[in-house]
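Colleague: Take a look at the letters that make up each chain.
Protein chains: 2
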Amino acid sequence: MKIKKNLIEKTIESKEIFRGNFMRVMCDTIELPNGKHSMREYIKHSGASCIIALTKNNEIILEYQYRYPVGKVMLELPAGKLEPQELPLICAKRELEEETGYTAKNWIELGTCLPCIGYSTEKIVYFLATELTQGSANLDDGEFLETISMPLDEFMLMVYNGEVTDSKTLSGMILYLGYLHKNK
Amino acid sequence: MKIKKNLIEKTIESKEIFRGNFMRVMCDTIELPNGKHSMREYIKHSGASCIIALTKNNEIILEYQYRYPVGKVMLELPAGKLEPQELPLICAKRELEEETGYTAKNWIELGTCLPCIGYSTEKIVYFLATELTQGSANLDDGEFLETISMPLDEFMLMVYNGEVTDSKTLSGMILYLGYLHKNK
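Protein chains in written order, with the working numbering: chain Y, 30 to 213; chain F, 30 to 213.
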């Protein structure tokens, strides 16, 4: 990077202003690059893992899940939040098995994305999982989803046609394209 | 879609449980597909627009911006939140000009992404902007960013190398690849 301006904001004070069952909202007093003070409100998130799981026939494992905040059934890569102290790879293995029933022998870290840099600390680590074995899912109580698999090419067409709108999934697919690009 | 299971969650009651300067947190009581009740906490967001602006030399307009929640200077597509009642295209034109100084003659809607389906209603509409004219930026008070342009190919290499980690930007680039795919 060749950034010319000073853009950094410094923390003066950090305060939790709301804690729900799932959500923690922080409000920090900060110092702007010009020395003035301002506020930053954001969600404190534990982070997540997301998995591109491919069968030996080059089918991708996907989930349909109703996402209440957006009021839609979404087609998504398997993903889930980190438990306290959990490493992203352990989380990825656990979530893939719990949600889809699949386990994988081969795991490769593809990279990290930040889904919501304006108002959340969330960080998603992506993994490519291959050499899959199918088992049975073990969903959390109150978790409803449908696992499907489809040819990767067919899914990429859906991506390119705008039929996939989950940014977590789109970011994952571009990381995967990057992986192919580096390994071709 | 050929979804077999009932995945839909119905709203029983919707309640605002926190309102900050920027953030509104909702907590809704919902009915799960199995008839049981549960809660959903989420951020109510007004939506945003995001712009892929290309010069006639096929350079892409980007911004460096410090993102406090993730503690990093990020390389991003220009984007911004909708004002009340504002249409996404109007927002896109306004944000591109305010943040980067560029105006564009030609605007094409590329699609919509949902950056944070687990806990935010946010919807981002993407636009391709071409036939650019350079002017001067007019940043909001307390907004600090640096606008750059670079060859699109060079930026795509950065994307594929994992040097771009903002999901909003990655999703935009895959929408743009999809646009090229459909128009080749």
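Don't read these hints as lab results, they were simulated from the structure.
Fair warning: there could be bad hints in the mix.
Which copy is meant is left open, because identical chains are indistinguishable; a pair holds if it fits in one copy or across any two.
Unchecked claim - Simulated pairs of lysine-lysine, BS3-like, Cα-Cα distance not exceeding 27 Å:
no. : residue 1 : residue 2
1   : Lys65     : Lys44
2   : Lys65     : Lys134
3   : Lys110    : Lys33
4   : Lys85     : Lys44
5   : Lys122    : Lys44
6   : Lys33     : Lys134
7   : Lys213    : Lys39
8   : Lys65     : Lys101
9   : Lys122    : Lys34
10  : Lys211    : Lys101
11  : Lys39     : Lys65
12  : Lys33     : Lys122
13  : Lys122    : Lys39
14  : Lys65     : Lys34
15  : Lys34     : Lys134
16  : Lys85     : Lys101
17  : Lys122    : Lys134
18  : Lys211    : Lys31
19  : Lys44     : Lys134
20  : Lys34     : Lys211
This structure is a prediction, so every number in the text was calculated from the model and none was measured.
Colleague: Does each hint hold? Answer for all of them.
Modeller: A quick look at each hint next to the structure:
1. Lys65 with Lys44: Within one copy only: 19 Å inside a chain, 35 Å across chains, cut-off 27 Å.
2. Lys65 with Lys134: neither (53 Å within a copy, 37 Å between copies)
3. Lys110 with Lys33: Intra 36 Å, inter 26 Å, cutoff 27 Å: inter-copy only.
4. Lys85 with Lys44: neither (49 Å within a copy, 47 Å between copies)
5. Lys122 with Lys44: neither (34 Å within a copy, 35 Å between copies)
6. Lys33 with Lys134: neither (46 Å within a copy, 29 Å between copies)
7. Lys213 with Lys39: The answer is neither: 42 Å in one copy and 47 Å across copies each exceed 27 Å.
8. Lys65 with Lys101: between (42 Å within a copy, 19 Å between copies)
9. Lys122 with Lys34: This pair counts as between: shortest inter-copy Cα distance 24 Å, intra-copy 42 Å.
10. Lys211 with Lys101: between (35 Å within a copy, 25 Å between copies)
11. Lys39 with Lys65: within (11 Å within a copy, 46 Å between copies)
12. Lys33 with Lys122: This pair counts as between: shortest inter-copy Cα distance 26 Å, intra-copy 42 Å.
13. Lys122 with Lys39: neither (37 Å within a copy, 31 Å between copies)
14. Lys65 with Lys34: within (16 Å within a copy, 54 Å between copies)
15. Lys34 with Lys134: neither (46 Å within a copy, 29 Å between copies)
16. Lys85 with Lys101: Classified as neither: same-chain Cα gap 31 Å, cross-chain 38 Å, threshold 27 Å.
17. Lys122 with Lys134: within (10 Å within a copy, 48 Å between copies)
18. Lys211 with Lys31: within (24 Å within a copy, 35 Å between copies)
19. Lys44 with Lys134: Cα proximity of Lys44 and Lys134: none, with 43 Å in one copy and 45 Å across.
20. Lys34 with Lys211: So Lys34 and Lys211 fail the 27 Å test inside a copy (32 Å) and across (39 Å) alike.
In terms of the numbered hints stated before, the structure departs from hints 2, 4, 5, 6, 7, 13, 15, 16, 19, 20, listed from lowest to highest.
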